[in-house]
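Throw the hints in and build the complete structure from the sequences for me.
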Amino acid sequence: EAGVVQSPRYKIIEKKQPVAFWCNPISGHNTLYWYRQNLGQGPELLIRYENEEAVDDSQLPKDRFSAERLKGVDSTLKIQPAELGDSAVYLCASKRLAGGSYEQYFGPGTRLTVT
Amino acid sequence: SQQGEEDPQALSIQEGENATMNCSYKTSINNLQWYRQNSGRGLVHLILIRSNEREKHSGRLRVTLDTSKKSSSLLITASRAADTASYFCATEVFGGATNKLIFGTGTLLAVQP
Chain H
6 EAGVVQSPRY KIIEKKQPVA FWCNPISGHN TLYWYRQNLG QGPELLIRYE NEEAVDDSQL
66 PKDRFSAERL KGVDSTLKIQ PAELGDSAVY LCASKRLAGG SYEQYFGPGT RLTVT
Chain P
-12 SQQGEEDPQA LSIQEGENAT MNCSYKTSIN NLQWYRQNSG RGLVHLILIR SNEREKHSGR
48 LRVTLDTSKK SSSLLITASR AADTASYFCA TEVFGGATNK LIFGTGTLLA VQP
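Sequences listed follow chains H and P, in order. Mapped onto my numbering, the consecutive letters of the first sequence carry residue numbers 6 to 120. Mapped onto my numbering, the consecutive letters of the second sequence carry residue numbers -12 to 100.
Since the hints were derived computationally from the structure, they do not count as laboratory data. Backbone N, C-alpha and C define an ideal beta-carbon position, used for all residues, glycine too. Hints are not guaranteed to be accurate.
Within a straight-line C-alpha distance of at most 27 angstroms, the following computed DSS-like cross-link-like pairs (lysine-lysine) qualify [stated by the list, open to error]: (1) H/Lys16 to H/Lys83; (2) H/Lys76 to P/Lys87; (3) H/Lys76 to H/Lys20; (4) P/Lys87 to P/Lys43; (5) P/Lys87 to H/Lys83; (6) P/Lys43 to P/Lys57; (7) P/Lys56 to P/Lys87; (8) P/Lys87 to P/Lys13; (9) H/Lys67 to P/Lys57.
Label-pair ranges, simulated between beta-carbon atoms [as the list claims (entries may be wrong)]: (10) P/Ser45 to H/Gly8: 38 to 46 angstroms; (11) P/Lys13 to H/Gly90: 40 to 48 angstroms; (12) P/Ser15 to H/Ala25: 34 to 42 angstroms; (13) H/Glu58 to P/Gly3: 47 to 55 angstroms.
Sample of chain P residues lacking proximity to chain H, with all beta carbon distances greater than 12 angstroms (derived) [as the list claims (entries may be wrong)]: (14) Glu(-7); (15) Gln20; (16) His32; (17) Glu79; (18) Lys87; (19) Val98.
Pasting the structure below:
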């Protein structure tokens, strides 16, 4: 089966510009996650979706970050405006079911550089 | 915020040797997972151990979990150069809206050929 797809793989923008990341999870996976990974650190959750509902966005900086998952499949994460501190790798992951001990499948990530 | 801390932060061994990485965490968990990350394949799930399990094996991997000490270890036997990567432990806690996977800071493993 195809894995989690993310695009773009790399993005370089100037500060104060907007940027958007796209994720297509594994077919049939109801749960979708966006993580941010800073250099030398583990991923940190930004938002979790169950189908099209954002059930945990407590760590999403809502003043500049937004996300959507229309029709409960693809998802986009947007930053507007970007700041220098937003430089990181943004990872998307999906999981078959919300509950239960199942692994998460990660996409390759989008490496964002804000100059 | 990171829940887990891996130890050591970096580890360098020769091919064929065993590698042991440790993880400590802070709160009660439902399961603990280990992931590997390298530039070629991104973040890949290795093994999951539930809170009521104490040891689990998968190929050359052996994971232990001690919930009383809130710690886990990952043993890679007969290491290969291809095992060179960063290894992360991640704890999962179920709790409705707070169901989340929390990653540690990672161990960077270098296997010298």
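Original post:
For this structure, which hints from the list above don't hold up?
Top reply: When the structure is compared with the hints, numbers 3, 9, 10, 11, 14, 15, 16, 17 and 18 turn out to be violated.
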